[in-house]
Amino acid sequence: MTSETYEPKIIGFLCNWCSYAGADLAGASRLKYPPNLKIIRVPCSGRVSPELVIRTFQEGADGVMVLGCHIGDCHYSTGNHRTARRMPVLKALLAFTGIEPERFLFKWVAASEGGLFAETVQEFTETLRRLPPMQEALEG
Amino acid sequence: MMDAGRHPNITLLTYSEVEEVSGYVGNFTVRIRKRARSVDEEKCTGCGTCEEKCPRRVVDEVFNVGLGKRKAIYRPFAQAVPAIPVIDREHCLYFMKGRCKLCEKFCPTGAIDFDQEDTILEVEVGNIIVATGYDVFDARRISQYGYGRYPDVFTSLEVERMLSGSGPTSGRVVLRDGETEPESIAIIHCVGSRDENYHPYCSKVCCMYSLKLAHLVHGKTGARVYEFYIDMRTGGKAYEEFYKRLQREKTIFINGRPSEILAEDGKLAIYVEDRSLGRQIRVPVDMAILSVGLEPRHDAQEVARLFGISCDADGWFKEKHPKLDPVATLTDGVFIAGCAQGPRDIPDSVAQGAAAAARVLSFIRQGEVEAEAATAVVDEMMCVGCGQCVQTCPYTAIEFLDDRKVAHVVEALCKGCGTCTGTCPSKAVTLRHFTDRQLIAEMRGAMSAMVEMVAV
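Protein chains in written order, with the working numbering: chain Y, 1 to 140; chain L, 1 to 456.
A few of these clues could be false.
[What the hints assert, rightly or not] When the alpha-carbon atoms are kept at most 27 Å apart in a straight line, the in silico BS3-like pairs for lysine-lysine are as follows:
{"hint": "1", "chain 1": "L", "residue 1": "K267", "chain 2": "L", "residue 2": "K237"}
{"hint": "2", "chain 1": "Y", "residue 1": "K91", "chain 2": "L", "residue 2": "K427"}
{"hint": "3", "chain 1": "Y", "residue 1": "K38", "chain 2": "Y", "residue 2": "K107"}
{"hint": "4", "chain 1": "Y", "residue 1": "K107", "chain 2": "L", "residue 2": "K427"}
{"hint": "5", "chain 1": "L", "residue 1": "K244", "chain 2": "L", "residue 2": "K220"}
{"hint": "6", "chain 1": "L", "residue 1": "K101", "chain 2": "L", "residue 2": "K43"}
{"hint": "7", "chain 1": "L", "residue 1": "K323", "chain 2": "L", "residue 2": "K237"}
{"hint": "8", "chain 1": "L", "residue 1": "K318", "chain 2": "Y", "residue 2": "K107"}
{"hint": "9", "chain 1": "Y", "residue 1": "K38", "chain 2": "L", "residue 2": "K204"}
{"hint": "10", "chain 1": "L", "residue 1": "K318", "chain 2": "L", "residue 2": "K204"}
{"hint": "11", "chain 1": "L", "residue 1": "K250", "chain 2": "L", "residue 2": "K212"}
{"hint": "12", "chain 1": "L", "residue 1": "K53", "chain 2": "L", "residue 2": "K43"}
{"hint": "13", "chain 1": "Y", "residue 1": "K107", "chain 2": "L", "residue 2": "K320"}
Because the hints were derived from the structure by calculation, they are not lab data.
Okay, chain Y solo, but in the shape it has when bound (with noise of 0.2 Å):
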């Protein structure tokens, strides 16, 4: 596979009660996004363990994503307070691991916000483009 014809992979885990019916909305409204991602439903993001993001890159994801619902719109209360403190820490720690950055996304996508999950998706497959696959990396 040539870099030209490159398409980044990407895997998305979306909480249940906002960003997977944020992304439904989207295509609801016929807004148009990139194909290259791929959606893992869970309950709440808080269930996403920084294990299972790494394990996904190591599966050979370009890039891995996790929506989870604003601050304060959390279905289980407090499940998303966990994911806003464990990610950040998961994003800066990833450049340890050899894994760039910004191949790693958290944002919280509400459902009423179809639009921005289709702009999410389309600047991370932009981002990622710009970078070299991840199996090249894996194998080299």
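Chain Y is already provided as a structure; the job is to place chain L on it using the hints.
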């Protein structure tokens, strides 16, 4: 209150404190400390002879807000339910100096028991309603209004007691000297409320009670009454009509929040920017009444922790949903009602109390609760007992088993968010239907689908 006291299915535990709550909906165990009244509740008939005979008079800081006196053996107020008095051991002559016992001598049923001690009760309940009410804002905190410094600055509750026929002044509204009737009165709204320095929220009840006070003090004294307000909030059935009535009664409404009160020429001068005139004015009056706001109970945080519920940014107990579920909390089986949840007036509190009771009754009628299917489960072989999951759980659904030093998920409380699973450093907590294995398999499948997509 009388009805609650008499009801065969209601056990009233007054002068008692909840010390510990364990368990979950349908199976709560509550440990209650019943404080020693020094009066045997079984024997006492509530005749009040002890109160009459007690020689020790104490300033009543609670019900009469410092204006009146009570005895060392007393009931908080005349209509208190149950009508059983309590001995205030800090002021009782027997407890202070070791002799007196007049109450014991005169009690016709021998109910006085100086050796009574606190008792601990353990009760099993299915649901809990927390209705712990509010605290009154301390007007001393706003020093520019001079409460505590100028004798003739009163709080609304003090005037409320003065207006009561059985109150400390027998219903007369007088200045602090106890004799002079005021000829002009200023009522200042929003004391402690709608103020970034104290409480940003509106206390909701003050506008209406200020109007009521204006009506009553004018009726008692014939004084000229000024109301200083930011916005007049008279939403509610027949409330706006009452406001109109006060306007007809020639109450003077001044739109503006007073900046300060100063003692000048034997009067209290209210300095305020009249927003309708657009300029500073000075209003000299004989008496100023501060309409103090409502604030969360001083121990609300501790009470919340005890019952496994939470407080919002202002300190009121947090409801499950502000619009759709205002009496339930995030903890199943624990409900909230009245001002503990936020400032509200009597009709709202009554409605909310009834709503909470109805919610509990529906639980009792059902006889069972719906549990979440996708709950977390702890593998005790893997758990190292760090306790991190106990702290992360938004529902206090994880308990720490002290004997085995492992965490345990109470399935009845678990809502299946998986925050514990994401937190557990030793991977001992698994969220059913969202296990690591399942998510990784899903992620691999997604990845291979994308490889095909890219290849095409």
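Hints, one by one, checked against the model:
For the proposed pair L:K267 and L:K237, the alpha carbon gap of about 38 Å is over 27 Å, so the pair is violated. Under the criterion of a C-alpha separation no larger than 27 Å, the hint pairing Y:K91 with L:K427 is consistent with the structure, at around 21 Å. Proposed proximity of Y:K38 and Y:K107 is supported: the alpha carbons are some 16 Å apart, at most 27 Å. Restraint check: the Cα-Cα separation between Y:K107 and L:K427 comes to about 25 Å, which is no more than 27 Å; the hinted pair holds.
Distance check on the hinted pair: L:K244 and L:K220 sit about 20 Å apart at the alpha-carbon level, within 27 Å; holds. As the CA atoms of L:K101 and L:K43 are separated by approximately 17 Å, the hinted pair is consistent with the 27 Å bound. Note on L:K323 and L:K237: the hinted pairing holds, with a Cα-Cα distance of about 20 Å set against a maximum of 27 Å. With a CA separation close to 26 Å, the supplied pair L:K318 and Y:K107 stays within the 27 Å bound.
In summary, the hint linking Y:K38 to L:K204 is not supported, as the alpha carbons are separated by about 50 Å, beyond the 27 Å threshold. Under the criterion of a C-alpha separation no larger than 27 Å, the hint pairing L:K318 with L:K204 is consistent with the structure, at around 18 Å. About 14 Å separates the Cα atoms of L:K250 and L:K212, which keeps this hinted pair within 27 Å; it holds. Proximity of L:K53 to L:K43 is assessed by CA-CA distance (about 18 Å); at most 27 Å being required, the pair is judged to hold.
With a C-alpha separation of about 25 Å, the suggested pair Y:K107 and L:K320 falls inside the 27 Å cut-off, and the hint holds.
In the structure shown, a violation is registered for the earlier hints numbered 1 and 9, in ascending order.
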